[in-house]
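**Q** Sequence:
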Amino acid sequence: MTFSFTSDGLPGKAKPSKSSASDGTVDEKKRRRMESNRESARRSRQKKQQHLDGLIKQVGSLTRENDEFRKKISELTALFAAMDARNEVLKAEKDRLATRLEALENTIEIASAVKGSSSSQNGEVLYEVSDDPMMKPWKLPRYSLPIAASSGFGCFDFDD
Numbered sequence: 001m002t003f004s005f006t007s008d009g010l011p012g013k014a015k016p017s018k019s020s021a022s023d024g025t026v027d028e029k030k031r032r033r034m035e036s037n038r039e040s041a042r043r044s045r046q047k048k049q050q051h052l053d054g055l056i057k058q059v060g061s062l063t064r065e066n067d068e069f070r071k072k073i074s075e076l077t078a079l080f081a082a083m084d085a086r087n088e089v090l091k092a093e094k095d096r097l098a099t100r101l102e103a104l105e106n107t108i109e110i111a112s113a114v115k116g117s118s119s120s121q122n123g124e125v126l127y128e129v130s131d132d133p134m135m136k137p138w139k140l141p142r143y144s145l146p147i148a149a150s151s152g153f154g155c156f157d158f159d160d
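With the first letter of the sequence shown counted as 1, position 152 gets the number 152 in the UniProt record's numbering; the numbers rise by one all the way through.
These are computed hints drawn from the structure, not numbers from a lab. The reader is advised that the hints may include incorrect statements.
Claimed, not checked - Cut-off 30 Å, straight-line C-alpha distance, at most; resulting in silico cross-link-like pairs (DSBU-like, lysine-lysine):
1) 47 / 57
2) 71 / 57
3) 72 / 91
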């Protein structure tokens, strides 16, 4: 094995000498490979830039979509709060009406007990209430009684 000096002055392995024709083909291959590598790197950078541009567009689109969702959520939250308040009002009204209904049912029960139950359990009318004069106190029968009058003499004795 032979040693030769490299361009920096250090000993290295000797390379077999090539002919000048083969040097030209090697240089041509090297140049084409370098050009191919440059083109490949350029395509890679271009692809990377396109991917980055796509991601930036996607971020913008998703940000707008996110803002729309936030707006819809805000509107629905306000609508929910209004519906919840309306629901509370309706619940209070239902409770008030249930209490009133119970009071009216108690009144009907008392009236039925007082009049001797003019209706059966299934709602059949046993006798007509309007026929009972006692159920209409504003139309009670009035009996006229004669007033006995005296002549007035001797009724009042003031002489004592």
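**Q** Now, for every hint given, state plainly whether the structure supports it.
**A** Here's how the hints hold up against the structure:
Proximity of residue 47 to residue 57 is assessed by CA-CA distance (about 15 Å); at most 30 Å being required, the pair is judged to hold. For the given pair, residue 71 sits about 21 Å from residue 57 by alpha-carbon distance, which is consistent with the 30 Å threshold. A distance of roughly 28 Å separates the Cα atoms of residue 72 and residue 91; the hinted pair therefore holds under the 30 Å criterion.
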